[in-house]
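Student: Protein chains in written order, with my numbering: chain U, 29 to 195; chain Y, 36 to 133.
Honestly, the hints are just simulated from the structure, not real lab data. These figures come from a predicted structure and were not determined experimentally. Among the hints, a few may not be true.
What the hints assert, rightly or not - Covered, in the sense of this in silico footprint (three residues per stretch, anywhere, with C-beta under 8 Å from a C-beta of chain U), are these stretches of chain Y:
id	region
1	36 to 42
2	80 to 94
3	118 to 132
Glycine residues also receive a C-beta, built at the ideal position from the N, C-alpha and C atoms.
Each chain is listed here by its residues.
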Amino acid sequence: MFHKVFQQIDQHAHIDVVDAHCDIPCGIYDPHHALIGALTVVRMVDLINAKVKEHGSGSTAEFINSMARYIATKEEHAELTKHEIRVIWGDFIKAPHVEAYPQLPGLVHKIMQLGSKARQTVDRETALDLLEAVNEFAEIFWQIKEIETKRVKAPYSVTEEMVIPVL
Amino acid sequence: MLRLLKVRGESLWPDFHEGDYVLAAGVPFPAHRIKPGDVIVFRQPGYGTLIKRVHRVLQDGRTYDVRGTQVVSSDSRDFGPVPKTRVSGKVIWHIRSD
Chain U
29 MFHKVFQQID
39 QHAHIDVVDA
49 HCDIPCGIYD
59 PHHALIGALT
69 VVRMVDLINA
79 KVKEHGSGST
89 AEFINSMARY
99 IATKEEHAEL
109 TKHEIRVIWG
119 DFIKAPHVEA
129 YPQLPGLVHK
139 IMQLGSKARQ
149 TVDRETALDL
159 LEAVNEFAEI
169 FWQIKEIETK
179 RVKAPYSVTE
189 EMVIPVL
Chain Y
36 MLRLLKVRGE
46 SLWPDFHEGD
56 YVLAAGVPFP
66 AHRIKPGDVI
76 VFRQPGYGTL
86 IKRVHRVLQD
96 GRTYDVRGTQ
106 VVSSDSRDFG
116 PVPKTRVSGK
126 VIWHIRSD
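Looking at chain U on its own, in the form it has when it is part of the complex:
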């Protein structure tokens, strides 16, 4: 009751803020970058396999250059996905969240392993498994924040499903 009273006071007469900072001001977390990373891994796997199908294993400079770029991007985005999930896991997820969603530790570990496997291979199923695991993580993340989600076809060059918040 007191909190509502003070909220009303705050709306009319601005109450000064006092910071309980962490390593940086807290509060801005979103699994979106992790999803973009996972979708990019799928896209790079598609491009690599298409290039091989088109050129065989020919070692032209153009082929090698394209392949190097695809692989580097796949490496980078698999690692980006792992990094983003680690930050949310380390800085946002608290003990009560793990109690409420006991599958979280296993899911995070699964994402770490799939991220590594996606770097090692050009297996589309692995890339899709990574994306699905990140989608499941995103659904839990938004449930914790009490924000509804929906699955939509990604509006990119890969159109796999991605979880987005309904804002």
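Based on the hints, put chain Y in the right spot on chain U.
Tutor: Same frame as chain U, now just chain Y:
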């Protein structure tokens, strides 16, 4: 002097949450002597006005080792002890948001 303040950030979670309000009493007052466990409001250069819990009162009696509850909290482990001169108040009433 009393100040009403709103908490931003989660470094004192689960004791304090983002959106909580606190009433801080200005110091020094004998009744508001600062001791370990108290939550204080202070100005920290480069950080602004912060709220943290007093972990220890150092031997000189004029500086405080302050801590958050989170491993990643920015506190005396980062910026050193807080001199009494920068302390603007001690929390005497906590209005929770939940």
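Student: If a hint holds in the structure, say so; if it does not, say that too.
Tutor: Verification of the supplied hints:
no., hint, in the structure
1, 36 to 42, "holds (count 5)"
2, 80 to 94, "holds (count 6)"
3, 118 to 132, "holds (count 3)"
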